[in-house]
Structures are given as structure tokens and as C-alpha cells.
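In our numbering, the protein residues as written are 2 to 399.
One should not assume that every hint holds.
Unchecked claim - Each computed DSSO-like pair below joins lysine-lysine, with the alpha-carbon atoms no more than 30 angstroms apart:
#1 Lys-164 with Lys-57
#2 Lys-109 with Lys-57
#3 Lys-109 with Lys-95
#4 Lys-43 with Lys-306
Claimed, not checked - Computed Cβ-Cβ distance ranges for the label pairs, DEER-style:
#5 Gln-74 with Glu-105: 48 to 54 angstroms
#6 Asp-69 with Pro-10: 40 to 46 angstroms
#7 Arg-100 with Thr-7: 14 to 20 angstroms
#8 Ala-374 with Gln-93: 31 to 37 angstroms
#9 Gly-219 with Asp-323: 33 to 39 angstroms
It is worth saying that the hints were derived from the structure and are not from the lab.
The structure presented is a predicted model; accordingly, all values stated were derived computationally and were not measured.
For each residue, glycine too, the CB sits at the ideal point set by N, CA and C.
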Amino acid sequence: MTTLATHAPSSDYDPFDADVLLDVHLHDGRLREVAPVVHIEKYDFYAVTRHAEIQKALRDWRTFSSTDRPFYQPNPFRPNAPLMQDPPDHTQTKSVMMRIFSRENMAKMQAYFAESATGLVDDLLAGGAVDLDAYRDVAARYVLQVFPDVLGLPTEGRELLLKFGDAVFNAFGPQNEHHHAKMRSGAPALAWVEENMKRELQDEGGIGAQLYAAADEGVISETEAEQLLKSVFGAGFDTTVFGISGALRAFADNPEQWQLLRSRPDLIESAFEEALRLYPPSRYGGRIAVRDTELGGIAIPAGTKLLLMWLGAGRDPRKWSDPDQFRIDRHDAGSHLSFGFGIHTCAGQAVARLEAKSLLSALIDRVERIELAGEPRRAINFQAFGHESIPIRLVPAG
């Protein structure tokens with residue numbers, strides 16, 4: 002016996018309202034409890050709100066195509082990255098990215114990342130207990146050192162990478178005043194990125210040089226190499242900084258979990274996955290249905306554009322018990338969708354995980370307690386999710 006799909010319920014919810022952006026967990030969570038798929042009247046797209054339905058859509062790229070999505074318009078900040086392609090084009094470009102972020106290349110980065118993390122933490126704790134900002138002084142300082150070094154970028158101007166990422170993730174939304182302000186403020190960062198992605202400026206053997214080499218081999222075009230390098234610049238910094246600072250926020254809020262991690266350092270990887278579930282650095286992704294289908298018993302007509310709301314799905318009580326709790330020994334934390342799922346998973350996620358693991362390892366050895374030292378402030382962004390400030394106190398061990 003077959004059950005006929007029903008129409009999606011409609012809602013006047015605006016995911017981009019200024020008040021919503023101040024607390025997206027609250028508001029996206031409320032939307033999740035309305036239905037697995039909800040028609041957002043203001044923008045005429047469907048929001049997919051729950052873990053199971055989002056995972057199904059991400060798995061089925063033949064039905065839910067990446068080639069279009071709500072609000073998509075060509076934009077200098079958003080190149081035609083693999084996330085906007087389907088096979089066979091996606092297969093070719095993704096294979097190049099996976100070669101760039103291969104285990105061999107990760108192994109080359111590992112020692113440097115660990116050494117840099119140790120040096121940073123030792124410097125931070127040189128005077129004993131210290132009050133600082135987890136976003137600015139720990140996560141951003143670390144990520145803006147190690148990954149640009151791997152890319153061969155100049156030291157001067159690196160702070161613009163965060164401005165660039167901020168604009169990139171605000172390009173995927175309605176073209177309101179917030180959007181236009183972010184495009185204007187990101188213009189100097191865009192100019193810096195486009196200057197530093199030139200072929201002649203790439204270090205031999207670096208990520209940029211490897212992408213241009215793939216173009217020389219005929220695997221991709223030179224334009225595609227440029228677009229892929231720009232996508233690395235756009236997605237390789239903000240998301241990692243948000244992920245690491247979110248983990249530090251979670252530990253400051255849950256000191257018993259920090260003590261558990263210090264006693265069980267084998268839980269480092271699980272701890273970061275749990276932080277990504279609780280504080281995903283990306284709020285949503287997009288697709289278009291290329292044929293009539295259904296999700297969660299709700300009809301999806303061909304041509305429907307969808308926003309996949311994986312921040313809310315990270316706290317879906319149908320998937321996780323006590324979903325608002327931070328538990329680093331949660332056995333299924335890694336089944337979050339914060340880095341995507343299926344063929345369109347984030348190509349650089351291995352770098353983000355390695356950076357986080359290296360920094361957390363250095364902190365475990367040297368920090369007895371992580372305490373909140375003030376009120377955290379959220380970063381206001383359409384697609385990215387994170388904090389612009391997390392005041393904390395690091396209390397050294399011993």
C-alpha cells in the first residue's frame with residue numbers, strides 16, 4: 002500500500018530576518034518541528050529541516066541537483082566550485098581536489114600544524130593564566146598562520162581572508178541591505194585574493210601550483226583551476242575558525258567535558274565532531290529538484306528550489322538524544338551533516354579536522370581549565386555560523 006505525498010505546509014518564516022540571525026538555533030529549530038519540508042512563502046523555496054530528509058536529498062544527486070538553488074546568481078565571491086556541479090563535471094573537478102587534499106599531502110602538513118599549535122599555546126600561556134578571545138586570539142590566529150603558509154600566501158594581508166570568507170557566505174542569500182553591505186566591505190579582500198591566486202605567485206608544490214598543474218595536464222581548464230583556488234580561499238578559513246572557536250565555546254560552557262577530554266585524549270576526534278554537530282560552521286546548503294519526488298511524505302515538484310537547513314538538523318531529536326547537550330563521547334556525533342554528505346562533502350574537511358586536532362592536542366597538554374570570561378557574540382551571516390567574539394580564560398596545567 003502506498004501513501005500519497007502531501008503538500009508542504011507554508012510558513013511566513015524569514016530565515017534571513019535580522020532577529021532570526023541573532024539566534025538561528027532557536028528559530029531554525031522551531032521550523033524543524035513544523036514539518037520535514039516547509040514552503041517558505043517570502044522567497045518561494047522549500048526548506049528541508051530534518052536530518053533524515055536532508056541526508057536523503059544529499060545522497061540522491063540525480064534528483065536533487067547542485068546546479069541551482071535559492072538565491073543563486075553568478076558572483077565574483079562565489080566561483081563555480083564543485084559544490085555547484087553534478088557528475089560528470091563534478092567528478093572531474095572533485096578528483097583534482099581530493100588529490101590536493103590526499104593523505105600524502107595531509108601527512109606533510111601534520112608535523113607543521115602540530116608544531117605551530119604547540120608554539121601558539123606556549124606563547125599564549127607564557128605569563129600564566131590569560132584572558133583572551135577564543136575566536137580572535139586562538140582560532141583565527143592559528144588558522145591564519147598555518148593554512149596560508151601551506152598555500153604559500155604572503156603574511157601581509159592575511160586578515161583579509163576572513164573578510165573574503167564573510168562576503169562569500171553572505172552572497173548566498175537575499176540581496177538586501179545586509180548582503181550589499183557585506184559585498185562592499187569584502188571588495189578589498191576580493192582584490193587581495195584575486196591578486197594572490199595568480200599562477201606566477203604560487204609556490205612550487207603548493208596547492209595553487211598543483212591546481213594549475215592539473216590544468217596543464219588537461220584534467221581541468223585553467224579557468225577551473227582559478228575557480229577552485231578561489232573556492233579554497235573562500236571556504237578554507239572562516240569555516241575552520243568558526244569550527245575551532247565553537248569547540249572552545251562548547252568546552253568553556255561544559256568544563257566537565259574538558260576534564261573528560263584531558264583524561265581521554267583518544268576522544269579528540271569525537272570531541273571536534275560533537276562541536277561541529279552543536280555549532281556547525283555552515284547553516285545550510287541548496288539544491289533544485291529536477292523531477293517530481295517526495296521527502297518525508299511531502300511532495301516536491303520538479304523545479305522546486307530547496308534550502309537544506311543542516312544547522313537545525315544537527316540538533317534534531319529524531320536523530321540524537323539530548324541534542325542540545327555537548328557530549329564528547331557521543332558515539333554517533335560524526336553523523337552530522339556540517340561538512341555535507343554524499344558526493345558533495347567538503348573537499349577540504351580533512352585540513353579543518355587536522356588543524357582542530359593539532360590545536361586541541363596542544364591545549365590538552367597545557368591547559369587545566371577553559372572558562373568563559375564574558376558574553377560570547379554571534380557573527381551575523383546568512384550562511385556561515387559562528388562567533389565574532391568568545392571571551393575565555395585559559396588556566397595552565399601544573
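Exercise for the section: Quickly compare the C-alpha distance for Lys-109 and Lys-95 to 30 angstroms and report which way the hint goes. Expected result: holds, 21 angstroms
Problem - Given pair status - Lys-57, Lys-164, alpha carbons within 30 angstroms - result: violated, 33 angstroms
Exercise for the section: Verify the proposed pairing of Lys-43 with Lys-306, using a straight-line Cα cut of 30 angstroms. Expected result: holds, 13 angstroms
Problem - Range hint compliance [Cβ, Arg-100 to Thr-7, 14 to 20 angstroms] - result: violated, 45 angstroms
Practice task
Just tell me: holds or violated, for the beta carbon distance of Asp-69 and Pro-10 against 40 to 46 angstroms?
Solution key: violated, 24 angstroms
Exercise for the section: Confirm or reject the claim that Ala-374 and Gln-93 have a C-beta distance inside 31 to 37 angstroms. Expected result: Distance hint for Ala-374, Gln-93 is violated at roughly 49 angstroms.
Problem - Verdict for Gln-74, Glu-105 (Cβ pair) under range 48 to 54 angstroms - result: The hinted range 48 to 54 angstroms is violated for Gln-74 and Glu-105, with Cβ atoms some 38 angstroms apart.
Exercise for the section: Can you let me know if the beta-carbon spacing of Gly-219 and Asp-323 is within 33 to 39 angstroms? Expected result: Roughly 52 angstroms apart at Cβ, these two residues miss the hinted range, so it is violated.
Handout entry: Holds or violated: Lys-109 to Lys-57, with C-alpha atoms at most 30 angstroms apart
Key = violated, 35 angstroms
Consistency note: the structure conflicts with the earlier hints numbered 1, 2, 5, 6, 7, 8 and 9.
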